[in-house]
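Fit chain B to the given chain A structure using the hints.
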Amino acid sequence: MSYISTLFPAYAEIFLLCMIAVIMIADLLLPSQTRTVTYLLTQVALLGCSLITVATHTTGVAHLFTGMFVDDLMSDVLKLLTYLSVSMMLVYSRSYLIVRGLFTGEFLSLTLTSTLGMMVMISASNFVTLYIGLEVLALSMYALVALQRDSAVATESAMKYFILGAMASGFLLYGMSMIYGGTGSLDVQTISNVIKAGQANDMLLVFGLAFLVAGLAFKLGAVPFHMWVPDVYHGAPTAMTLFIGSAPKLAAFAFVMRILVESLQPLMIHWAGMLAVLAVLSMGVGNITAIAQTNLKRMFAYSTIAHMGFLLLGVLSGTLDGYSSAMFYAVVYVLMTLGGFGMIMLLSREGFEADNLNDFKGLNQRSPWLAFMMLLLMFSMAGVPPTVGFYAKFAVLNAALQAGHLTLVIAAVMFSLIGAFYYLRIVKLMYFDAPESHEKVYMQPDSTLLVSINGLAVLLLGIMPNTLMAVCAASVQQSLLLP
Amino acid sequence: MIFGYPLLSVVIWLPIIFGVLVLATGNDRNAPLARIIALVGAVLGFLVTLPLYTGFDRMTSAMQFVEMKNWITQFNIHYHLGVDGISMLLILLNAFFTVIVVIAGWQVIEKRVAQYMACFLIMSGLINGVFAALDAVLFYVFWEAMLIPMFLIIGVWGGPNRVYAAVKFFLYTLLGSLLMLVALLYLYFQSGSFEILDYHQLPLGMTAQILIFLAFFMAFAVKVPMFPVHTWLPDAHVEAPTGGSVVLAAIMLKVGAYGFLRFSMPIAPDASHELAWLMIALSLIAVVYIGLVALTQSDMKKLVAYSSISHMGFVTLGFFIFNAYGMEGALLQMISHGFVSGALFLCIGVMYDRVHSRQIVDYGGVANTMPVFAAFFMLFAMANSGLPGTSGFVGEFMVILGAVKVNFWYGFAAATTLVFGAAYTLWMYKRVVFGAVANDHVRHLHDIGAREKLVMLVLAVAVLVMGLYPLPLSEIMHASVNDLLVHVARSKL
Chain A
1 MSYISTLFPA YAEIFLLCMI AVIMIADLLL PSQTRTVTYL LTQVALLGCS LITVATHTTG
61 VAHLFTGMFV DDLMSDVLKL LTYLSVSMML VYSRSYLIVR GLFTGEFLSL TLTSTLGMMV
121 MISASNFVTL YIGLEVLALS MYALVALQRD SAVATESAMK YFILGAMASG FLLYGMSMIY
181 GGTGSLDVQT ISNVIKAGQA NDMLLVFGLA FLVAGLAFKL GAVPFHMWVP DVYHGAPTAM
241 TLFIGSAPKL AAFAFVMRIL VESLQPLMIH WAGMLAVLAV LSMGVGNITA IAQTNLKRMF
301 AYSTIAHMGF LLLGVLSGTL DGYSSAMFYA VVYVLMTLGG FGMIMLLSRE GFEADNLNDF
361 KGLNQRSPWL AFMMLLLMFS MAGVPPTVGF YAKFAVLNAA LQAGHLTLVI AAVMFSLIGA
421 FYYLRIVKLM YFDAPESHEK VYMQPDSTLL VSINGLAVLL LGIMPNTLMA VCAASVQQSL
481 LLP
Chain B
1001 MIFGYPLLSV VIWLPIIFGV LVLATGNDRN APLARIIALV GAVLGFLVTL PLYTGFDRMT
1061 SAMQFVEMKN WITQFNIHYH LGVDGISMLL ILLNAFFTVI VVIAGWQVIE KRVAQYMACF
1121 LIMSGLINGV FAALDAVLFY VFWEAMLIPM FLIIGVWGGP NRVYAAVKFF LYTLLGSLLM
1181 LVALLYLYFQ SGSFEILDYH QLPLGMTAQI LIFLAFFMAF AVKVPMFPVH TWLPDAHVEA
1241 PTGGSVVLAA IMLKVGAYGF LRFSMPIAPD ASHELAWLMI ALSLIAVVYI GLVALTQSDM
1301 KKLVAYSSIS HMGFVTLGFF IFNAYGMEGA LLQMISHGFV SGALFLCIGV MYDRVHSRQI
1361 VDYGGVANTM PVFAAFFMLF AMANSGLPGT SGFVGEFMVI LGAVKVNFWY GFAAATTLVF
1421 GAAYTLWMYK RVVFGAVAND HVRHLHDIGA REKLVMLVLA VAVLVMGLYP LPLSEIMHAS
1481 VNDLLVHVAR SKL
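Line by line, the protein sequences are chains A and B. Under the working numbering, think of the first position of the first sequence as 1, with each following residue one higher. Under the working numbering, think of the first position of the second sequence as 1001, with each following residue one higher.
Extracted from the complex, chain A is given alone in its bound form:
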């Protein structure tokens, strides 16, 4: 067997890397009017990746590069969902970016490099690989936010994103080095084994753990490490906001799983407490501050913070149910975020951003269909059945309650009640108020179709959530139970 064929679990990453090179070169050679070609190539690359991921799927767990890279069910599922959400992001943002002159070759190739970063994060089973994946993702993201060079707001938010992101990376690295000092290894499995055997200095480990959790909280945007989120969400072009808010959360979930659960599970008693504080603060600050926002992107930023609190609540339960509920939550969250920001971009026109709450006034009279889709998305975010958002919250609350966190559950429930208010306000604006302009909504065919699929998916998954839940449960089970 040749060396190349032993690499098959990483074929998708290798293929994507080649495609990035092809797209960069093709973009240089082709005139800018034919950007559609590279756009399609990008979509083809993502499609190819998903085919490869499906084709190379095995029932077992495969390790590669002396255990630095892992291919299991969880990584396959998360990668497929990542391709899907990146591809949806491209569809949503194409016309938005064309109008603003941002639909450049750099956008496409940076999107793909960040996708590559996410894939590496998802498949990492060593702290170094995790860090490399994270930085590939983060550096591409900084550049994407700064892509709109002539906008002061965008540049400012890119700067903030970069500085705070770099600081978070520093935290992570510092924490990782402490763990390395304590256990003598960077490998996820080995660390876990060493700690279980009781051969490591607990003090040192907890010290490192605190830095790791802080770094993770930065990346997730959990309170009190959330300051960058609203500014970056607000300042970045909506397409980039959509991107930051969607697929990377899947990678971040994998990151949390690999670090906290797979390697530092024996320290759960310590990190569960830290996450509990982060979760409650995130849900509280996120939901309460979101009420005061008039800008939709900022509101979504705070709602993201609150959603991350919920996700952490699932993780800190420390049970299989908890992890699978957190994974389900991450997937559902990404689906809802894509729809929400997709709607903003769909309603935006040349020289006009539909990111103000008042831009949604009377949408029901201008376009009942879009209003209905937004209604589904909003109720899903608020966690009202029969939309899928309810099952996400349901699963997390259930896991937390089974783990005995009654107080946290009550807090979560109360904060989601507060959260329901601002989602309702959007429904109120769309349905109860009169529109400010009677201009017809220009419905871009591809994004309209996608928004419709997205909205209906939220409803249909809500009526039949069984399959997705089962997939999440199976993924988590496999990556945890096998040694």
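These are computed hints drawn from the structure, not numbers from a lab. Any given hint might turn out to be false.
[Stated by the list, open to error] Selected chain B positions facing chain A (Cβ under 10 Å, derived; list incomplete):
1. L1126
2. I1148
3. V1163
For every residue, glycine included, the Cβ atom is placed at its ideal position computed from N, Cα and C.
For chain B alone, kept in the frame of chain A given last:
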């Protein structure tokens, strides 16, 4: 599945499918088509519920027309439907009122007709789901989902202060529901199942029972609504369009009361006995105090809204005195109140459509210009004050009888409603309908048309038949009520 097809699923999903069809007719250019499809859907929706009545086995308290399928296997959640003598009648009532509401909104609603009709049809299906669900999560999904159409109905077609009322309605009910969700999750934790009937058999300690009871209490008391958490109802009623008020009063409030019977009492019987004093006290406060509040109202819709709260106090009182008179009386009162309050809101709607005011002072002498209407209004007002021979009397009388058996003063306090109820209803009636013609608006009133007459007639017949011969109804609920009482009397400790 007696008839070879899943009857309850049809009862739930048929109105919803028709609701989607109505939505598909699009904007108001196709309003006539939307109305017709909605009517067909509502009538079919009512007709398919009739086999529930004809095929119902009156001898057993077991669930009937049961359907069971796996739904979410990971949490052992099933698509489990079934009805007993308590829920079946409420499904019929709901399907009946859907037809009434569609007809009542026929001409009155002019903007966004399709969405209006669709909201009611979809809500009707969801409410049927609430009554038929035997799985707690399924119940919860229907329970919460019905908030969405009601929220839109109040907010889109309501009066001037509609936004405040809609948001208040939604958040109030969501608060209660979320606490109920926590209780359901706890029960799942204890029993490993989401089957409501399993919960009934689950042994629970006293503290757990009390906490569960209180969580359910928050959810159901808000919906009923009971005394301290009733304030959303007058707002919602006043701002809702006529159809919305009718459904709110006739059906939505019953959902809360139904919850007490299906969840609180059988799951936490000991807590129910322990906290019965609280429930009885709150019920009596609702009956007496809210009755007095109703007396002072100057807005007709508000008056009927407060009268609804007062009458629902009877229902909860009947439940928590734990005897057959009380409970059957309470169930009859629920159905009767559905007819009577629904009819009263329709009457107010008839006047509002013509004069665009709900204030009592803007009327006077309506009998001179609308004699037919005045006669119907008279009948419903009498029923609301509990006149013997109308449906209002049967339930109230049985509850008072049951209350006296437990404690004379309970019965005494409850019986004051016969005075207060008559006072506020008839006084309002007198000021609105009798006397000289008060102003030009009233002078130019025209009497109700054929469509309105039909609606009124159907309701009047229902009120009278139920008042004179309630046996067919009580016969159906008999077995289930007795079984429930036996179950509640058994301690779970």
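Going through the hints against the structure:
1. L1126: Holds. Min distance 9 Å.
2. I1148: 6 Å, holds
3. V1163: 5 Å, holds
The structure is consistent with each of the numbered hints, conforming to all of them.
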